[in-house]
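Please build the complete structure, drawing on both the sequences and the hints.
From first to last, the protein sequence lines stand for chains A and B.
Position one of the first sequence corresponds to residue 1 (the working numbering), numbered consecutively onward.
Position one of the second sequence corresponds to residue 1001 (the working numbering), numbered consecutively onward.
Everything labelled a hint here was simulated from the structure, so no lab data went into it.
No farther apart than 25 angstroms at their CA atoms in a straight line, the calculated lysine-lysine pairs in the DSS-like style are these: (1) B:K1090 <-> A:K223; (2) A:K223 <-> B:K1002; (3) A:K80 <-> A:K3; (4) B:K1016 <-> A:K141; (5) A:K312 <-> B:K1016; (6) B:K1036 <-> A:K223; (7) B:K1090 <-> A:K312; (8) B:K1016 <-> B:K1090; (9) A:K400 <-> A:K418.
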Amino acid sequence: MTKTIRIGAGAAWWGDRVEPAQLNAERGELDYLCFETMAEATVSAAQVRARRDPTFEGYDTYLDDRMRAVLPACMRQGTKIVSNQGWINPDAAAKRIVHWLRELGHTGVKVASVNGSMITDRVLQLTDRILENGQPTSTLKPTLISAEAYLGAEPIVEALRAGAQIVVTGRVADPSIFMAPMMFEFGWDPLDHVRLGQGMGLGHLMECGAEVTGGYFSDPGFKDVPEPWNFAFPIVEVEADGSAVLTKVAGTGGAVTLQTVKEQMLYEVHDPANYLTPDVVVDFTQARLEQIGPDRVRVTQIGGKPRTPTLKVSIGCTEGFIGEDMFFYAGPGALRRAQLAKKILEERFRIVGLQAEEIRIDFLGLNAIHGAATPADAPEPYEIAVRVAARTATREEAIKVGREVDGMAVSGIGHTGKRVPHAERTREVIGVWSALVPREQVPASVHYFES
Amino acid sequence: MKVLLQHIAHARSGDKGDTSNIAVFAYAPEFYPLLKAQLTAKRFKDFYAGAIRGEVLRYEVDNLEAMNFVCHGALGGGVSRSLCLDNYGKALSAAILGFEIDVPDELRPLLRGTHLLAA
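Written out as structure tokens, the structure is:
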């Protein structure tokens, strides 16, 4: 019988549910459980927080919740874990996992941390141009917070070869987290772009968790899935040549169908024939999908092309502040009152001299989400929130937005609904830029710990 | 007959920086040629009016009976800089479901959501 490995997803982002990870650990019969917990700005936001809050450990703030939920079953069943919960401090995350292993009475478990993605102090020497606007990266010097390269699967494979049962990383390309176990188990060569293309494509289908099992999908009356309150995270059964079946734990809500898999295949993809990753260039345009049973989709023939000589770098920069607030109208004539309120705010911002790079005043309920794409004949809603936001260079300017909304309480117009501010109405903007770095300039290093 | 796109296709949007990719998938193979012929990159961009400030590129993905519209300048300068309440543009894909498309009458049995169509 040919060898098949089962890889399950444990998270698709920092705020994801923990319960489906535990379900996969307990009932997924997994060889590997993989967690993806970082967004584009995660590292920069963590750097900002670490500067201000000396108690911040620098790793996923839900690390304890996630590990306590899955470690008992994973240790019992010999399921290995690969996770990017290390954020800006993979060593600290690994030590924390060792702490939980000991708490649970598991000694002698090897935990590895993958480091090396952080290149903040070298990025301006190593990179040349900003991909988005063609400017020299040196223009970012005054505002630079952090820079990290997207590493590939190889350092994770190295850690697994050394006997690690749990591997926790900093920035690694999301799909690489899921492909590393395939490379390790099947001995795929890092330059075998045919197999890596298929494996990385599978990783891409797994990296967003429930997005392939019925999440971010339902549209009532058009495409429904059962029990959309009870999703499982996906499981992929992979064979040595990369052929695979996507599925989920039986008895859960959601669905794995051609439609859910197709939607995820193109999610956040630009050119479907050239999806760039650190390990391989993936080609989705020849992929074959077959529904071979309920909640079972067979995925084959995802193509691969040789990897590029560079790695992508994300560069986070401070870019000022956003001030934001809202207030409300309802009943007959809600829209005409909202329109006058908008005019009042525009005049008030002029009177108080608001210095803003951009101001946006929307009618939530009518055009706050689709903006200029809202049809001209969209019906007038019964209720409207007037939502105001401005991007400014300083926090002092951003504060003016909320202060002028405060004025709408007793100095506004009739029938204005208004909240007493209960949350911070300004926030810092961390802009993210991209650049390329020669891959040999960013060597990874793996550290080992033992419970 | 003219119907809204939602009756023949589903869609999903994803974000990368200031670019939103909005993929449109035919519910049935018979609908895919209609999408290809009628939902051009230019019509797509025009439909979103000022919400997409940059270029729209259309990729045909025949094996998935899908088209991927890569929309530059659609996310208010980038997810973290955007002043839009939906700064990731997760709901942006829903707008195109309102695009009007011409469907041959004989394909009517394949339409989705027929409860919303006039008899």
